[in-house]
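Asks: Under my numbering, the first residue of the sequence shown carries the number 5, and numbering increases by one thereafter.
Hints in this document: simulated from the structure, not taken from any laboratory.
Treat the hints with care, since some could be wrong.
Simulated crosslink set (DSSO-like; lysine-lysine; CA at most 30 Å straight-line) [to be verified]: (1) 47 x 27; (2) 27 x 38; (3) 67 x 38; (4) 53 x 27; (5) 46 x 12; (6) 47 x 12; (7) 67 x 47; (8) 12 x 53; (9) 54 x 27; (10) 12 x 27; (11) 67 x 54; (12) 67 x 46; (13) 53 x 38; (14) 54 x 38; (15) 27 x 46; (16) 12 x 54; (17) 27 x 67; (18) 67 x 53; (19) 67 x 12; (20) 12 x 38.
Quick caveat, the model's predicted, so the values are computed rather than measured.
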Amino acid sequence: MEQDEDIKQLVVLRLETMPANVKLSIGSHGEFDKDELIARVKKGDEIGKKIVAAQLHYLRSLKRGIISYE
5 MEQDEDIKQL VVLRLETMPA NVKLSIGSHG EFDKDELIAR VKKGDEIGKK IVAAQLHYLR
65 SLKRGIISYE
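Modelling step: build the complete structure from the supplied sequences, incorporating the hints.
Replies: So, in structure tokens, the structure goes:
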């Protein structure tokens, strides 16, 4: 589905803005660096789907005003 690919691309672009030395821990799956996160999103595996879901949740919360930068 084209929309899914657009969402993946958006998430990849957001991840690319992260500093290279940042690592993210995802539950019992372990720690992932920026390049691993991007690869997982592009691959669309379980971890990639969790990353996409978390990013979408963040963006929707930002839109609703739940998260602000004031």
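Asks: Hints first: check each against the structure and report whether it holds.
Replies: Against the structure, the hints:
no. : hint    : verdict
1   : 47 x 27 : holds (19 Å)
2   : 27 x 38 : holds (7 Å)
3   : 67 x 38 : holds (25 Å)
4   : 53 x 27 : holds (17 Å)
5   : 46 x 12 : holds (7 Å)
6   : 47 x 12 : holds (10 Å)
7   : 67 x 47 : holds (27 Å)
8   : 12 x 53 : holds (9 Å)
9   : 54 x 27 : holds (15 Å)
10  : 12 x 27 : holds (19 Å)
11  : 67 x 54 : holds (20 Å)
12  : 67 x 46 : holds (25 Å)
13  : 53 x 38 : holds (15 Å)
14  : 54 x 38 : holds (15 Å)
15  : 27 x 46 : holds (18 Å)
16  : 12 x 54 : holds (11 Å)
17  : 27 x 67 : holds (26 Å)
18  : 67 x 53 : holds (21 Å)
19  : 67 x 12 : holds (19 Å)
20  : 12 x 38 : holds (15 Å)
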